[in-house]
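> This is what each chain is made of:
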Amino acid sequence: MTDFDPDLARDGPDLTGKELHDRLIVAWGRPRGLVGWLSTTDHKEIGKRYLVTAFAFMILAGVLALAMRAQLARPESGLITPDRYNQIFTMHGTTMMFLFAVPVMEAVAIYVIPLMVGTRNLAFSRLNAFSYWMYLFGGLMLWIAFALNVGPDAGWFSYTPLSGPQYSPGKRVDIWAQMITFTEVAGLAAAVVMVATILKQRAPGMTLARMPLFVWAMLIVSLMIIFALPAVALDSAMLLSDRLVGTHFFNPYERGDALLWQHLFWFFGHPEVYIIFLPATGFVSEMTATFCRRPVFGYPAVVLSLIATGLLAFGLWVHHMFATGLPRLGYAFYTAASMTVAIPTGIQIFCWIATIWLGRPRYRVPLLWVIGFVVSFVVGGLTGVMLASVPLDLELHDTYFVVAHFHYVLIGGAVFPLLGAVTYWFPKATGRLMSESWGKVSFALVFGGFHLTFFPMHLTGMLGMPRRVYTYPAGMGWDTLNLISSLGSAILALGFVVFLLNAFRSFRSGEPAGADPWDAPGLEWATSSPPAVYNFAHLPSVASRTPLWDEREGLPVMTGLRVDAREHLLTSVIEAVPSIREPSPKPTIWPLLSAIAIGITFVGSVFTPWALAIGLLPAGAALTAWFWPKNADIPPEPEID
Amino acid sequence: MRKLAPPLMLLTLGGCAGRQAMLGAAGRDSALFAWLWHVFLIVTVAFYCIVIAGLLWAVVRRREGGEAAVRTGLLVWVALISLTLVGLTLASWLADRNMNRAPRTGLTIEITAHQWWWDVRYIASDPSMTLRTSNELHLPAGTPVRIVLKSADVIHSFWIPNLSGKQDLIPGRSNDIVVTPEKVGVYRSQCAEYCGVQHAHMAFDVTVQPREAFEQWWKAGLLPAHAPATSVEQAGYTYVTTRECSTCHNVTGTPASGQVAPDLTHFASRLSIGAGTYPMDRGHLAAWLADPQDAKPGNKMPVIGLEPAELRAVSAYLESLK
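Those sequence lines, one after another, are chains A and B.
Residue numbering for the first sequence follows the numbering used here, beginning at 65 and increasing consecutively.
Residue numbering for the second sequence follows the numbering used here, beginning at 1035 and increasing consecutively.
Heads up, a few of these hints could be off.
Listed next, with one range per pair, are the computed distances between beta-carbon atoms [said to hold, decoys possible]:
#	chain 1	residue 1	chain 2	residue 2	range
1	A	Asn213	B	Arg1105	54 to 62 Å
2	A	Val309	B	Gln1268	49 to 57 Å
3	B	Ile1084	A	Gly394	26 to 34 Å
4	B	Glu1278	A	Thr145	20 to 28 Å
Within a straight-line C-alpha distance of at most 30 Å, the following computed BS3-like cross-link-like pairs (lysine-lysine) qualify [as the list claims (entries may be wrong)]:
#	chain 1	residue 1	chain 2	residue 2
5	B	Lys1217	B	Lys1253
6	A	Lys235	B	Lys1184
7	A	Lys235	A	Lys264
8	B	Lys1334	A	Lys235
9	A	Lys264	A	Lys504
10	B	Lys1184	B	Lys1217
Since the hints were derived computationally from the structure, they do not count as laboratory data.
Positions of the beta carbon are idealized from the N, C-alpha and C atoms, including for glycine.
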C-alpha cells in the first residue's frame, strides 16, 4: 500500500479508472494459494461454490430418483431391496429439500444480491463463508454415511416413533437429525447475512419501493428462515436427545407425544416450501421484466403478494396432518388459510402474464423457462387447492397424487425458474453466454420429460397407489402409468445432462457477454462480467426501479469510500439514505477452522453426548480467533481536508 | 390442455373403478368425495384454461398500450379467485360436515395396526360374541360402522379408498372413523403412512356383503377352528400347535394361543397371505411357509426351515382352516 499516494485514500473524481482498480484489488483481494482460496470471504466466490455444491447434490439425488423409477417401472420388481429403497427415497427427499432446493436459492442470492443492491460484499462476510462450510460438511456427512450403508431410512420427515430409538436402532436417523443441525446453522447464518445486507447496504436512493423483486423475495424468505428453522432445530434436537440420552419427548408410553414431532416439523416444513418457491418467483419477475423490456406490471401488488405468502405460510402446517385425528373444527381454519394462498399466487401469475402482454417480449431461453414455469406451476397450484380441502385431502393424502402435486410445485414452480435464472445470470458470473440452441434443447427435454414423468402420477394416486412403497402388486391399474413415469424420468434426466453440458461448454468457449448482454435494467448489469472482486469501482446511486434503462448515459455514482481498507456504505432501512461507512472484515481461515471444529463436535455427538462437552474447547478456540478484535488491522483513518 | 384433456376424461368417467380406487364410490363418504372431487376438478380446470388462454393471448396478440384495462383486469381476477375460493371452501365444508354426520350404530370394530399387519376385533356387548381376526375386514352393506383405530408400535394409516378417506393409527392415541359401505364387493385397503421396511406390504381385503351374509360370517368366525380330518392335516395340526407357530399365532380351539401375530383360526377363508402380500392359494402358502422373508423381507415371521414333509403337512392343515 505504500506504493500509492497516501493522500488518495478515498475514491472520487481524482481517483478513478486504473489506479482505483489497482488499489481496490489490493484492499479487497485475498491471498493466493490454497489457504487464500479457503479463506475467501468474497460473496461471488462463495456463491459459486454454494451453487456448484448444490447442483452436485441435485445430481446425486437425481440419480437416486432414477433408481427409484427403475424399481417402480414394473410391479413386484426385485431390482432394489426394500431396505435400500427406503434409504434411497429418504436420501432423495432429504437431499433435494435440505441440500439442494433451499441452498441453491441462497447460492444464487449470495452471488447476485450484493450486485443487485450495489454494494461491495455481503454483510458479515465471514459468517457467509462459515455458512458454506457448515452446509458442505453436513451434506458430506450424510452422503458418506449413505455410502457406508448408514443412510437414514425413516423418510425425509422422520416421523416419530418410527424414527425413535425403538424402531430405528443404529445410527441412521442420528445422521439424518445431525445433518439437519448442520443445514440449520448454515441456513440461519445465510439468512442473517442476507437480511442485514438487504436492509442496510443498498445503494443510495434504492428505497424499499425501488428494490428489485428478487431482492424483495430474498428479504422475505430470509425472514421466514429465521422464524421457521428454529422449529425444526428444536424438533431434531429433541429427537437426538430421545435417541442418545433417553429422554421421552416423543414416546407416548412415557407421557411423550408422537404427534408433537409432526407439529414442529410442519411448522417448519410448510414455510420451507415457500422458502423454495418465493425466490423462484423473484427469478421469474427479474427475467420477465428483462425479456419483456418493461418493468413487471403491478410492482406493489407483487411485493404485497410476496409478503402475504410469507405470512400465510406459517398458518398452513396442519394441512399435512388432516388424517391424524385433530379436532375437526380446527381443520376449517387450515383449509381456509391454505386456499387463501391461491390469492397472492394468482396475483403474481396475473402480473407476469400482464407484463408479457404489455411488453415487447424476446423469446430467449430464460423467458421460455418462465413460460414453462407458468404452464407447469399452475397445475401444481390448483392441485394444492384440492389438497387444502379436508374431504379431498383425506383420500389424496400420502398417495402418488401428492407426489405429482409437489413435484409440479417444486420442479415446475422452482427448478424451471432456477434453470432460467442460471441461464440469465450465467454471463454475469462467467463473462460468457450459454448456448441458445442447446438451451432450447434442454428446455424441451426437461419440460417434456417432466410432464411425462409427473402427470401420470396424478392418475396413479387416484387409482390408490400410496407413496413410499418400494413395490406394488400387478393388476391394480398402476403398471402402465408407472412405466410411463419411468420413461419420462429418463427424458427429464437427459434434459438435465444437456443443460449441465451446455453450461460446462459455454463456460469454456461460450460467446463473450460484455457487461449487459440482455439489456437488463438491474444494477448487477452495471459492472463488468465477471465483476471485479470489489464489484463496483464507484458505488452506484439509483433514482428508479430500472436504473440501467433510465440512465442510459451512465449511472450516477457515490464516491468517498476508503480504498486502502475494506469499507461498506450503510444506508437507511427504508429510504436508503447514506448514513455511515462500515469496515468489512478481511478474509481469514478461521470460519473454515471453526466449521471444522464445530462439524467434528456435531458428528462426534452422534456417538456420544460427551463430544459436545469436549468439542466446545476447539470450537471455542476457533471462534475466539475468528472474533479477535480486528481494529488493529485497519490503517488509521486518513485526514480529510 | 392437450396434455390434460384425455386423462381427465378418464377420471370423470370413473374409468378407474379398481379395487383400491378413490372414485370407486362404494361408500357414503366416497360418494361425497366423488361429488366434491368433480366440483373441484371442473373449477380448477376452468381456471387453468383461463390462465393458459391469457398466456397465449399475451404471447400472440398485437402490442398496444392499455395498462389501465389491465389494472381493472387484475381487480376482476382477484375478485374472481376470492369468490371462487369462498365457494370451494364452502363446498368442502359442507361435504366434510355430511361425512361426519353418519349416524352411529351398534357395530364397532377395533383395529390395531402392527408392523406390518392388522389385528381386527369385532366388538360385541357380550364378550363371548367378540370376534378376532386379522388382515381382513367384512362389512355389512348399508350399515354405518364405527372403527376404532390404535397402533401397537409406529404410526400407520387406515384407508379404504373405495369407501372413505384416511385416518391415522397413532401409538398412545385412539382415533376413530365411521365408514358406511354401500356397494357389495371386494375392495383392497393399504397402509398409507410410511411405517418401516415393509410399508409396501401392509394391506388387507375388505369384503362388503349383505347384512345377513355378514352376520353369518360373524357367527361362523366365532366357531373354533376346523379339526384335522386327514392324517396329513393331523401332522400339520401337531406341528402348528406344538412347535414354533403357536408361540406367536392363535388358532382358537387348539393349544396354539400366541397373541403377537395374525390370528389363524379361519386363515384359509381369507383372500390373501401376509397382509396382502400373496393371493391365498396352495402354491403361495407353501412359498410363504418355506421362506416368509422372500416376498416380504424384514417382516417379523422368521424362516423356520420346515422339512418337505412338514411343509406339506402345515400347508394342508392351514389350508383346511376355512
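> Given the range 49 to 57 Å, decide if the beta-carbon distance of Val309 (chain A) to Gln1268 (chain B) lies inside it.
The hint (49 to 57 Å, Cβ to Cβ) holds, given that Val309 (chain A) and Gln1268 (chain B) are roughly 55 Å apart.
> Measuring from beta carbon to beta carbon, are Glu1278 (chain B) and Thr145 (chain A) in 20 to 28 Å?
holds (25 Å)
> Quick check: does the Cβ-Cβ distance between Asn213 (chain A) and Arg1105 (chain B) fall within 54 to 62 Å?
holds (60 Å)
> Holds or violated: Lys235 (chain A) and Lys264 (chain A), Cα atoms, limit 30 Å.
Violated, at roughly 44 Å.
> Between Lys264 (chain A) and Lys504 (chain A), does the CA-CA distance stay at or below 30 Å?
violated (39 Å)
> Hinted pair, alpha-carbon criterion (30 Å max): Lys235 (chain A), Lys1184 (chain B). Please report holds or violated.
OK: Lys235 (chain A) and Lys1184 (chain B) at ~28 Å, within 30 Å.
> Hint says 26 to 34 Å; check whether the CB-CB distance for Ile1084 (chain B) and Gly394 (chain A) agrees.
At 33 Å between Cβs, range holds.
> Starting from Lys1184 (chain B), check that the Cα of Lys1217 (chain B) is at most 30 Å away, please.
holds (27 Å)
> Please verify whether Lys1334 (chain B) and Lys235 (chain A) have alpha carbons no more than 30 Å apart.
Given that 30 Å is the threshold and the Cα spacing comes to 21 Å, the pair holds.
> Do the alpha carbons of Lys1217 (chain B) and Lys1253 (chain B) lie within 30 Å of each other, as the hint requires?
holds (22 Å)
In the structure shown, a violation is registered for the earlier hints numbered 7, 9, in ascending order.
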